[in-house]
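K.L.:
Residue strings, one per chain:
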Amino acid sequence: MKDKWRFSTNSLGRRLLLQLLLVAAVLSALLYLAVRSVANQAAIAAHDNILGASATAIAEQLTASEGEVLIDIPYSAFSMLGAISEDRVFYRIDSNSETITGYEDLPVPEEVSIRAAPHYYSAQFRDSDIRAVALERLITVDNAPVSVLISVAQTRRGQDAITARVANTAAALGIGFFLVAGLMSWLATRSTVRPLHDVAGAIGRRGAHDLRDLKSPIPSELAPLVNALNGFIARLRDTLHRNETFMAEAAHHVRTPLATVRTQAEIALRQAETDESRLTLRSVIRAVDESSRSATQLLDHAMITYRSDQLALETFNYSDLVAEVIRGLSATAELKDLTVIADVDANLEYAGDKVLIECALHNMVDNAIKYSTDEGQVDIQLSKVEAGIQFRVCDAGRGLGGSVQRDLTVRFKRGLNVSDIVGSGLGLTIVEHVAEVHRGCFTLISRSGGGTCATLTL
Amino acid sequence: MRFLLVEDNTDLANSVSARLKLDGHAVDWAADLRGADGCLAGASYDLILLDIALPDGDGRDFLARHRAMNRDTPIIVMTARNAVSDRVKLLDSGADDYVTKPFDFSELEARCRAVLRRRGGAARNVVSFGGMEFDALAAQLTIGNEVRELRNRELRLLEILLSSPRSIYSKAQLCDRLFSYSEAPSENAIEVYVGRLRKKLEGSNARIETVRGVGYRIIDQ
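As they're listed, the protein sequences go chains G and A. Heads up: the first sequence begins at 1 in my numbering, then just goes up one per residue. Heads up: the second sequence begins at 459 in my numbering, then just goes up one per residue.
Everything labelled a hint here was simulated from the structure, so no lab data went into it. Backbone N, C-alpha and C define an ideal beta-carbon position, used for all residues, glycine too. Keep in mind that a hint or two might mislead.
[Unchecked claim] Which residues of chain G face chain A? A few of them, derived with a C-beta cut under 8 angstroms, are:
id	residue
1	ILE233
2	LEU236
3	LEU240
4	THR260
5	ALA268
6	ARG286
7	ASP320
Construct the complete structure from the given sequences, taking the supplied hints into account.
P.N.:
Below you can see the structure in the form of structure tokens.
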């Protein structure tokens with residue numbers, strides 16, 4: 001099959017259109033030939049009738065007298081031929097194979113067995129195509145029958161003109177037919193293929209997390225495809241759901257015992273008698289915190305990498321989001337007696353992937369709180385800038401201690417001056433990744449008076 | 459404060475109860491949602507600590523039911539899931555706040571205070587000692603007619619000292635309870651806070667006494 005369709009393409013619509021056009025072209029050619037030949041035949045028949053009438057008119061004037069055939073050619077015999085056009089007319093009348101009058105060299109049919117009906121034929125005469133009629137009459141001369149052959153011919157110029165006109169008309173008709181058929185083929189193809197495009201469009205427009213079945217009305221031919229697709233979507237949904245449930249359960253099973261360990265360690269620390277056991281218990285708690293934090297940030301990092309391929313962009317209220325992030329972390333700030341000063345423009349709306357942005361803002365504020373010295377101040381600013389929207393967090397903590405931003409945003413790499421503080425080395429990587437996928441910019445600079453300013457511009 | 463702890467893991471429930479009791483709180487424990495409903499029918503609580511994955515249902519359904527019934531006891535969810543979307547969903551479904559397991563009790567306490575302060579409905583638990591009145595929720599000291607604001611560490615220090623007046627607390631003990639485990643503070647930092655709190659207590663009969671070589675205690679002169 002492949003070889004047969006030389007024009008084969010991967011588009012069903014184009015293939016269908018080409019086939020329909022091919023059919024239309026064949027039909028148009030047939031139409032052209034049929035119209036031309038029918039019209040031609042009709043024209044020839046009409047011409048033949050006149051030629052026949054002319055010959056008959058001449059034949060009716062045949063008489064015999066004194067052993068001779070007499071003929072008096074009537075004017076009307078030629079005038080009726082003149083009605084057709086300016087073509088030249090020839091005639092020849094033979095009696096017993098001897099030309100009595102007319103053009104001796106006018107071709108006549110060789111076999112004269114045409115007594116009954118006139119014989120029509122085409123021939124060449126004096127460099128012109130002619131159409132001629134031959135008619136035989138028997139006339140009694142001196143009681144003997146004499147065969148008289150009457151030939152009337154006319155050049156075919158007028159005939160050819162008519163044929164050419166008919167051919168032009170037929171060609172125009174054929175082309176017109178082809179164009180109309182082509183247009184209809186195109187429309188038919190489009191409407192046939194449209195459901196496919198509709199289905200493709202319905203899937204294409206979906207967000208990354210939309211796993212509902214396809215429900216748009218579809219033609220019965222597409223039903224198996226769409227059913228298979230829906231089956232696949234259902235299986236995918238099921239797998240994702242199971243994965244999610246599994247992750248939740250896994251987190252539950254890991255974090256609940258960790259919580260028990262941490263709580264027990266806190267209780268034991270309360271009752272610790274020696275400095276040695278105190279230090280041990282503190283390091284247990286620290287390790288628990290560290291593993292919990294790493295787990296959270298590893299999951300966040302995985303989530304961000306996964307979501308970056310398919311951002312769920314929406315326009316939302318950044319001011320509310322920032323307020324929510326600050327509220328969520330205010331207890332942590334309070335424990336260190338930090339003053340959090342928020343300078344947030346009201347109702348700033350902007351586009352972004354809300355989950356990713358939340359994660360980035362959370363990490364930035366969390367970092368500022370974590371690295372602030374006790375009773376310090378954290379300044380949080382959200383404002384509209386020319387490029388879009390800017391979120392800035394400044395702390396009065398220890399600063400970057402000589403590390404450069406390029407190093408700190410590398411996975412699992414932490415500053416040189418922070419080994420005493422729990423951290424995973426993923427927070428800034430996450431923020432920078434979020435900035436990157438939103439085509440934004442993340443900068444981290446040391447403040448002159450000590451501390452760090454982190455700025456995320458989207 | 460009186461807590462209702464809804465948690466199906468016995469080990470965790472026991473240790474959380476024990477830990478809260480150390481701070482002088484009363485704790486009732488329910489291992490599932492049915493038990494929680496039973497407890498709520500029989501007593502009133504200042505706060506509910508709710509686990510999400512429970513044997514007889516999802517904690518979020520409990521939240522929704524709780525809110526639909528117009529019960530106004532604040533709920534803090536203890537969740538093992540820390541994904542951003544989970545956090546947002548929890549607050550949307552009516553939780554007042556959440557802590558992620560494993561959690562820091564100082565942080566839990568700070569969140570409880572913030573929630574209760576926000577709700578404004580909880581009964582004020584004012585401690586009177588040595589001619590001053592201490593309102594932990596409002597972080598205020600009232601001496602005579604004067605109201606003094608306390609910062610978080612001053613507040614926690616006073617709370618610790620007042621939880622057992624006349625008992626002596628060592629610098630190390632105070633350090634463990636005032637500073638996060640993720641930092642390594644020097645014990646001298648305690649002196650700063652003791653100094654400040656002494657200043658705030660001026661004018662009352664309450665006094666923080668240094669027991670040389672042992673630690674500090676609060677006394678009523």
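K.L.:
Going through the earlier hints one by one, which of them does the structure break, listed in rising order?
P.N.:
1, 2, 3, 5, 7
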